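Undergrad: Start from the sequences and build out the full structure, keeping to the hints where you can.
These protein sequence lines map, in sequence, to chains A and B. Residue numbering for the first sequence follows the working numbering, beginning at 201 and increasing consecutively. Residue numbering for the second sequence follows the working numbering, beginning at -11 and increasing consecutively.
Calculated from the structure, these hints are not laboratory results. A portion of the hints provided could be inaccurate.
[Stated by the list, open to error] Over 10 Å on every C-beta distance to chain A, these chain B residues come out as not near it, computed from the model:
no.	residue
1	H(-1)
2	N78
3	V240
4	I331
5	P332
6	Q333
7	R338
8	K368
9	H404
10	T451
11	R455
12	K462
13	C506
14	T560
15	V601
[What the hints assert, rightly or not] What follows is a set of in silico ranges between Cβ atoms, one per label pair, in the way DEER data are often shown:
no.	chain 1	residue 1	chain 2	residue 2	range
16	A	P268	B	I309	46 to 54 Å
17	B	P340	A	G345	23 to 31 Å
18	B	S507	A	A440	55 to 63 Å
19	A	G490	B	K246	40 to 48 Å
20	A	R336	B	T250	27 to 35 Å
21	B	P340	A	D313	47 to 55 Å
22	A	A440	B	P389	31 to 39 Å
23	B	I185	A	S295	27 to 35 Å
24	B	I583	A	E337	44 to 52 Å
25	A	T344	B	E468	38 to 46 Å
26	B	M525	A	E407	58 to 66 Å
27	B	E468	A	Q399	21 to 29 Å
28	B	D469	A	E407	19 to 27 Å
29	B	P389	A	D313	52 to 60 Å
All values reported here derive from a predicted model rather than from experimental measurement. Where a beta carbon is used, it is the ideal one built from N, C-alpha and C, also for glycine.
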Amino acid sequence: MKYAYYPGCSLEAGSAAYDVSVRAVAKVLGFELEELDDWNCCGATEYFSQDELVATSVIARNLAICRPDQKELIAPCAACFLNLKKTDQLMAEHSEVRSKVNEALAAGGLHYDPGQVRVRHLLDLIYTDIGEAALREKIKQPLTGLRVAPYYGCQVVRPMNGFDNTEYPMKMDELFTWLGAEVVDYPVKAHCCGGHMTQISEGAAYELIRRLLDSAVEHEADLILCMCPMCQLNLDAYQALVSSYFQKNFQMPIIFFTQLLGVALGLDFETVKIGKEIVSAGPVIKAKLGAAPSQTGA
Amino acid sequence: MAERVGVYVCHCGSNIAGKVDVADVAKFASEHIKDVVVARDYKFMCSDLGQKMVEEDIKKEGLTRVVVAACSPHLHEKTFRRACSNGGLNPYLLDMTNIREHCSWVHKDPVAATEKAKSLVSASAERVKFQQPLEPMYVDVNPTTLVVGGGIAGLQATLELADAGHKVVLVERLPSIGGHMAQFDKTFPTLDCSACILTPKMSEVGQHENVRLLTYAELEEVTGSVGNFHVKIRQKARKVDFDLCTGCGICVEKCPRKVVDTEFEAGMGMRKAIYMPFPQAVPRVPVLDTESCIWFERQRCQTCEKLCPTKAIRFDQEDEIIEVDVGNIIIATGWKPFDCTKIPQYGYGRLPNVYTGMEFERLCNAAGPTSGKIVLRDGKTVPKSVAIIHCVGSRDLNHNPYCSGICCMAALKFAHLLIEKTGAQVYSFYIDIRTNQKDYEEFYQRLLQEGVHFVRGKVSEVTDATRRPDETGKTIVQCEDTLTGRQERYPVDMVILMGALEPQFDARELGLKCGISCSMAGFYTERHPKLDPVATMTDGIFIAGVCQGPKDIPASVVQGAAAAARVAGMITKGKVMIEPIVASIREEDCSGCRICNNMCPYNAIEFDETRAVSRVITALCKGCGTCVSACPAGVIEGAHFNNSQIFAEIEGALWDAVPPAGVPGESESAGVSAS
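TA: Below you can see the structure in the form of structure tokens.
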């Protein structure tokens, strides 16, 4: 299985742990991620609200540079995924957008016909293409005893992109149930983390983050699993600030789902970059899963 | 001899004339179509005067063929056939062409619409010349009726017919008749006890000399046609001898295996492996559920068999196919509740204090698992605050776009019962309150007086994620109150979801068996939404109750009675006309390949073994044409739809097609593409 891979800017910097763990997990699960040659930024959440046509064109460039044999494009970042998917949909549904964007692309000698590339989120790939049976076979370190709160965030399931229930997604819940973890029924799993609201209105942002952390604590989760760099950053990096803002003492580790998946597949902490996060996840994983996982730990 | 064709173009008020230049169409017909001797346009062809016009022209002008360009033949073909008959012309020498639904209603440009109307009229006039006089047949109507479904609609239909002296076979899938109404506590808006008004009807049906009641049975196959249906019914094995059982109930009492009753008790109560769904069940003969019975699990127990005083237990009983002949069929198969887990953000199935409407019905039913005490799932806590959410799966583009009609009233009923029994604070979350039947609005006013908090808004989520201290231990309903424009959180003890009424899970399958169609949503399609709501496009098959669309008890009863009246009319008449539009096989040219035999959807083709040819049973043939097109030798002809008629129609439609220049003698299809 070979896919085109669009890591996105975050995965090159602050969320390098996500990128490293994705590639490590891919190796174990036997699918190949071929990084798109010369990809550009997806514009995150900002560009769309500034100028829709320019935003769409910038994103469409990434779809247009896919080679004819690169039919499926995998994005691990929720924002990248949403933007790429949305662009494909916009171009399919609106002929005006399609022709204007292609006019812009033509300046660079490019062209894109909607539907040419299927944009997919990494979780969809692992859940659907690898599937339960193959995953169960590859488990080296069952996650028995570890209570995880699966946090999807608001972008990956919206708007109606068909890969999971929009209001109450379940794919990550199921995935970690297969891996043996105790998945808590995390009621705020698709609520917003505040995004860049931390820069504009810290009170509002901290309240959103607090709700996510509080709910995980209430449900006695050992850690929160993310699938979006923005969510991970907000919950992890702002945790101390949120704690002092509300006079609380949060100690909730926040990692990417691929990192814990890697542990279940027998990869050691260093390989999946557990330890890069601010609130350390290592101790609780070690405590719950017994000895420090290693290549031999099964 | 040339035919003498009369063409009549209807204005249909402004329905047709508002778009199509009807006078121009009539002028075109008289000037350009060969053999047209009269062409007229008229305000309403279907009026008495319009019909008279046709009759007079047949007599005076010696018309031998008639074309009416008007609405759909579904509406008025009968009218104009009768007019032809009255004028002394065989009614099958008429052709109706639809220039309303197929033309004026669907086109914007009047010029193009007029041109299209001309083509349609031309096609019809060319075709009608090749039509042949046909004679309808009449068959006797079997006076026995099959009613499918023993809910309130089916019971009403059954009693109306049986009381009038007609035999009825009533088939019910579940072990007892009664339907959903038997599960309810009270009925709105009168608040009378549902069981008290239903059970007399049930026992009357159970004991009626004219009713053959088959419960725990399903419709397997329907063949034949109006007047003479042949029906196969699967009697599922009860594992109890129906004739020996006295209904004493010892087997049920002593059965050691208890399981959750997901059917009658909606999962709120238990039943035994051998059970009667409720005390007033009709018939009083239990059913043994082999999936939970200990004997079927590990060949042990046999308690029921040992204790039965009449030795009625039959572990080896098998399903049985019962065959009956009936003249008409009434389908009253009801509905199924929406699966509330499909809206996961409302928490059903995850949060313990979220209930479906059906669960709540059982919870507050005096005969239910808590004897009518409204308590939470712990069995003791009385809720102090309750949220009722309307439109769960209804009026929701993600699930069912339609309004389920009854949930607003049911929600008001629940609110009343809650206040009466628990004194709880009740919050009712609605999009619009719809109380548009007799005495319904008054009931709503009463509930406003009783102090229900009505919140107008669509609930975004039901959650246990708390934000404020007063939310601890509560189930929180998050909703924008659209009258104040504020997002609000309502911490409550109990949440009731008013799920949509959905078509039965096998509605489409049953529809196929009976040859009737479903709407997009899956409810059966009536012959006419306003004027013929209980008949279907298949003669002899009627529909009643929620299987036709969501409705309340009074409306279901009305439809049950209406369907029965239609059937009674057929029985009284005694004979039914069979359209002579049927297929026939030229037996001298039939090779006996039998390809047509299995293709016929009505089993109307038999094979004559001695002469090795296939033959159409005219009384069963519906004239669908499947065999005509399937016959490799081309020896089957569909009356009223033969090749000469169809080719003439095509040529007529292409009256203005220009053959491609310079290719004389090129095939006709080239002419088609050039048009």
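Undergrad: Each hint needs a verdict: does it hold in this structure or not?
TA: Taking the hints in turn, this is what the structure says about them:
no., hint, in the structure
1, H(-1), "holds, 40 Å"
2, N78, "holds, 55 Å"
3, V240, "holds, 38 Å"
4, I331, "violated, 7 Å"
5, P332, "violated, 3 Å"
6, Q333, "violated, 4 Å"
7, R338, "violated, 6 Å"
8, K368, "holds, 24 Å"
9, H404, "holds, 31 Å"
10, T451, "violated, 4 Å"
11, R455, "violated, 6 Å"
12, K462, "holds, 13 Å"
13, C506, "holds, 26 Å"
14, T560, "holds, 55 Å"
15, V601, "holds, 54 Å"
16, P268(A) / I309(B): 46 to 54 Å, "violated, 59 Å"
17, P340(B) / G345(A): 23 to 31 Å, "holds, 25 Å"
18, S507(B) / A440(A): 55 to 63 Å, "holds, 58 Å"
19, G490(A) / K246(B): 40 to 48 Å, "holds, 41 Å"
20, R336(A) / T250(B): 27 to 35 Å, "holds, 31 Å"
21, P340(B) / D313(A): 47 to 55 Å, "holds, 51 Å"
22, A440(A) / P389(B): 31 to 39 Å, "violated, 48 Å"
23, I185(B) / S295(A): 27 to 35 Å, "violated, 60 Å"
24, I583(B) / E337(A): 44 to 52 Å, "holds, 50 Å"
25, T344(A) / E468(B): 38 to 46 Å, "holds, 42 Å"
26, M525(B) / E407(A): 58 to 66 Å, "holds, 59 Å"
27, E468(B) / Q399(A): 21 to 29 Å, "holds, 27 Å"
28, D469(B) / E407(A): 19 to 27 Å, "holds, 21 Å"
29, P389(B) / D313(A): 52 to 60 Å, "violated, 32 Å"
In summary, the numbered hints that this structure violates are 4, 5, 6, 7, 10, 11, 16, 22, 23, 29.
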